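Engineer: Sequence:
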Amino acid sequence: AGLGRAELTLPSGVKVIAYVAVNAIGDVWDKGEIIAGAQTSAGQFADCTKTLLSGAAEAFLFERGHTTLAAVFTNAIFSKAELKRIAKMGIAGMARSISPVFSCYDGDILFAISVGQLQASVLTVGTMAAEAVRLAILDAVKDSTAI
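Residue numbers (this note's numbering): 1078 to 1224.
Treat each hint with caution, since some may be false.
[Stated by the list, open to error] Below are the EDC-like pairs computed for lysine to aspartate or glutamate, each with C-alpha atoms no more than 20 Å apart in a straight line:
#	residue 1	residue 2
1	K1219	D1107
2	K1219	E1208
3	K1127	D1216
4	K1092	D1183
5	K1219	E1084
6	K1092	E1110
7	K1127	E1208
8	K1108	D1183
9	K1165	E1084
10	K1219	E1159
Don't read these hints as lab results, they were simulated from the structure. This structure is a prediction, so every number in the text was calculated from the model and none was measured.
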């Protein structure tokens, strides 16, 4: 777990910056491999999804509360409704990097904030948000250690 940040910038100057606090129940994945998550007593990744799909009891994995919190900032101007759509799109970055995610044991949430006046489409900024969130999650766990 940890704190992470990622920034993407278009040639037009439109930026998206994501900040995340990661304490997920699920494992963090990158390029098809677990890079952070629950470990067995032997020090191997437990692979939460595989364990759940095997029928193992949830209590085995989830003894404490967890969450992943994210905030996405853009320097493009959007309405409240447009920011809601960007947040919905941005949360895909969590699903791309954490499995399982959005469980009843997590408080996963993402906020989208517009702090500028540049023009950009919701589709473009939402896509940027998803990728920035994914990268910020990877950044958050890059220096994590097992406890």
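Engineer: Under the criterion that the straight-line Cα-Cα distance not exceed 20 Å, is the pair K1092, E1110 satisfied?
Structural biologist: Violated, at about 29 Å.
Engineer: Given the hint that K1127 pairs with E1208, does the C-alpha gap stay at or below 20 Å?
Structural biologist: Violated, at about 25 Å.
Engineer: Does the structure keep K1219 and D1107 at a Cα separation of 20 Å or less?
Structural biologist: holds, 11 Å
Engineer: K1092 and D1183 were given as a pair; does the straight-line alpha-carbon distance stay at or below 20 Å?
Structural biologist: Given that 20 Å is the threshold and the Cα spacing comes to 29 Å, the pair is violated.
Engineer: Is K1219 close enough to E1159, meaning Cα to Cα at most 20 Å?
Structural biologist: violated, 32 Å
Engineer: Below or equal to 20 Å on CA atoms is what counts here, so check K1127 against D1216.
Structural biologist: Since the Cα atoms of K1127 and D1216 sit roughly 24 Å apart, the hinted pair is violated (cutoff 20 Å).
Engineer: Would the pair K1219 and E1208 pass a check requiring their Cα atoms to be no farther apart than 20 Å?
Structural biologist: Between K1219 and E1208 the Cα gap is close to 17 Å, so the pair holds against 20 Å.
Engineer: K1219 and E1084: Cα distance at most 20 Å?
Structural biologist: holds, 16 Å
Engineer: Below or equal to 20 Å on CA atoms is what counts here, so check K1108 against D1183.
Structural biologist: Given pair K1108, D1183 is violated - Cα atoms ~23 Å apart, limit 20 Å.
Engineer: Under the criterion that the straight-line Cα-Cα distance not exceed 20 Å, is the pair K1165, E1084 satisfied?
Structural biologist: Holds - the C-alpha atoms of E1084 and K1165 are around 18 Å apart, at most 20 Å.
Checked against the numbered hints listed earlier, the structure breaks hints 3, 4, 6, 7, 8, 10; every other hint is satisfied.
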